[in-house]
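There are 2 protein chains.
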Amino acid sequence: MSLFRPNIDKMQGYVPGEQPREKDWIKLNTNENPYSHSPRVAEAIEKAARSRLNIYPDPLVRAFSEEAAKQFNVDPDWILPANGSDENLTILVRSFVDTNEVISYAYPSYVLYESLAEIQGCECQRLLLNSDWSWDLDRVRPEIERTKLLFVPNPNSPSGTLWDDATLTSLIPPNGIMVLDEAYGDFRSMRDKGGILKGEHGSRIVITRTLSKSYSLAGIRFGFAVAHPDLIAGMRKVKDSYNCNTLSIAAATAALMDQEWMLKNVKQIQLTRERLTLALRLLGFEVQDSETNFVWATHPDRNHEELYQELKARRILVRYMKFPGTITGLLTGLRITVGTDAEIDTFLEKLKEIL
Amino acid sequence: MSLFRPNIDKMQGYVPGEQPREKDWIKLNTNENPYSHSPRVAEAIEKAARSRLNIYPDPLVRAFSEEAAKQFNVDPDWILPANGSDENLTILVRSFVDTNEVISYAYPSYVLYESLAEIQGCECQRLLLNSDWSWDLDRVRPEIERTKLLFVPNPNSPSGTLWDDATLTSLIPPNGIMVLDEAYGDFRSMRDKGGILKGEHGSRIVITRTLSKSYSLAGIRFGFAVAHPDLIAGMRKVKDSYNCNTLSIAAATAALMDQEWMLKNVKQIQLTRERLTLALRLLGFEVQDSETNFVWATHPDRNHEELYQELKARRILVRYMKFPGTITGLLTGLRITVGTDAEIDTFLEKLKEIL
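Residue numbers (my numbering), protein chains in the order written: chain A, 612 to 966; chain B, 612 to 966.
The set of hints was computed from the structure by calculation and includes no laboratory data.
Possibly wrong hints are sitting among the right ones.
Quick look at which bits of chain B chain A covers, simulated, 3 or more residues with Cβ under 8 angstroms [as the list claims (entries may be wrong)]:
hint, region
1, 685-698
2, 776-790
3, 821-830
4, 842-849
5, 895-904
6, 911-924
Where is the CB? At the ideal position from N, CA and C, for every residue including glycine.
Turn these sequences into a full structure, and let the hints guide you.
Below is the structure:
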């Protein structure tokens, strides 16, 4: 007899993208930044390595919160640092959703939201996007009305597309919270500093951000939420007391202080992204204009899973994705992270061979 | 109108021990190790600082799990690394306890368990210990019979006392899991390697360990659970995919590989502990024989809160603790971390002044 909760027994568990330990793979599957972190981050970690690690870190993570607050023109009590953005998503579910309440999320998007609902033991609704990744507000309104927590990644994954503030505001559940998962926010063509939080319904919006992508720091697990202090204060009760560690706090704070480094890498990724998009289109793929560090490519005639396998046989990993039950039925495609120019050249070369 | 779950609105949130940022306090309040971490840990972090932090860490944390497995003479699939032992306690609650089920814990002990039950939204029972910190098994048996998850810190806090394996085995809930929270396990006079897990009911026991105390690494947030692989596999579904980071994994793995450093500090703390215990007794305190890195001291005539305040005014922090509703009613006392010999000398000197 299992002693686990029935919902835990039943669930499969979220499967993250493959993470081979060998270094000779071209990894275009988990949207990591191909460029290294700022040397100032390395220095901050080295200094922390010789500091008082025998003492607990600051439970309020004030040093980081002050820097992040500056980025969003808010006070530090609008910021909740976390052990990766994933932890903030978990905290949000545990803060707002009882087992008889409903989580909704844009579909197709980040399927982790579904795993979080399964763990919490609550219902999860997929709000179906149109095939061009736009919203049909009239169609989803009844579902939004019964939603307690709505997850909207913006820009979205796997599409790489963006929704404007007016659309997003119209999605806020009348009796719930909307989470804007801005993991890829720094890759937008037009930067955004959370202006939507200052609007009429801003106190029912939580923005989540990560340092994994734009700051090249997937390895340190650091994200943060930005929201009205009343929301942050409640979420703080749910988090573990010391959820961020001395080393990652030092690294994350130094990373935010070196905007130049991050912006330079983002600029390069944007350039490579445009080149990749064009090249894929010339090879016969349909590719969304991307506002992120990856592109979503579908081919009208080829089997996406086979393409993924053929690439993998050549030690190139992309993400083969499969979304059953979209507005047009089963949707498959390849999500390809924007690597370095050299990696993308190799990828395109091998892809041509395969095609 | 609040949108938080009612249990979150209602709860106060766990309040960790005070963490002043200034370095001129004598901190004897949060059971931190007064000695620094191993130089090999610092080297491992420095190396990691220059490694590929742009890549996600190993979600299975295999490097660390292999080292931890050796310590307990088990296979690596018996190990679940976590972002501090606190995270494993949270994972345990989310894995095993539905909102209509019951958490129980030894009382007085670590009141965080109560906060975890509040967050989950389930009932929490205090299993009252005898005034000498022993168990009255006949008295608590009906409560244990309805328990899904039982938390027993061993050695216990604030008492510093230990229960033997026979007593612990008799506490296992017939329809639930027992968690042995061994945060202070390395400070025991007789080392223990989880032999209880190999016993008849071992597959219903989870041991949790931390590197915060004995390894002087409260700052890196690293703990791990040891349990039958079936339990670990289910708990893994509940954790965030990448719950440990590249820096802390490097630090924690290096720490386990330098047993000599840890054991040397533990030995010193044990010696200072005996001296502190004796000195407090000579000052009129009742002090439990401790198997941890702190002592529990009560004074028959003095007000404990006033003693705490008087010490704080002299920039010495100890933990004033207050447990309502114990077997003898309200219990108060001082939990004093074993610091360096110099810190303990100053503490004793100031305490004499106050008395």
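Hints, one by one, checked against the model:
Remark: the region 685-698 of chain B is confirmed as covered by chain A, as 4 of its residues place a Cβ nearer than 8 angstroms to a Cβ of that chain, reaching the required three. Coverage of the region 776-790 of chain B by chain A holds [criterion: at least 3 residues with CB-CB distance below 8 angstroms; count 3]. Figure legend: the region 821-830 of chain B, annotated as covered by chain A; annotation consistent (5 residues with Cβ-Cβ distances under 8 angstroms, at least 3 required). Against chain A, the region 842-849 of chain B contributes 4 residues with a C-beta closer than 8 angstroms to a partner C-beta. That satisfies the three-residue criterion, and the hint holds.
For a cut-off of 8 angstroms, the count of residues in the region 895-904 of chain B with a CB near a CB of chain A stands at 0, and the three-residue condition is violated. Here the region 911-924 of chain B counts 0 residues with a CB under 8 angstroms from a CB of chain A, which misses the bar of 3, and the coverage is violated.
In this structure, the earlier hints numbered 5, 6 are contradicted, and the remaining ones agree with it.
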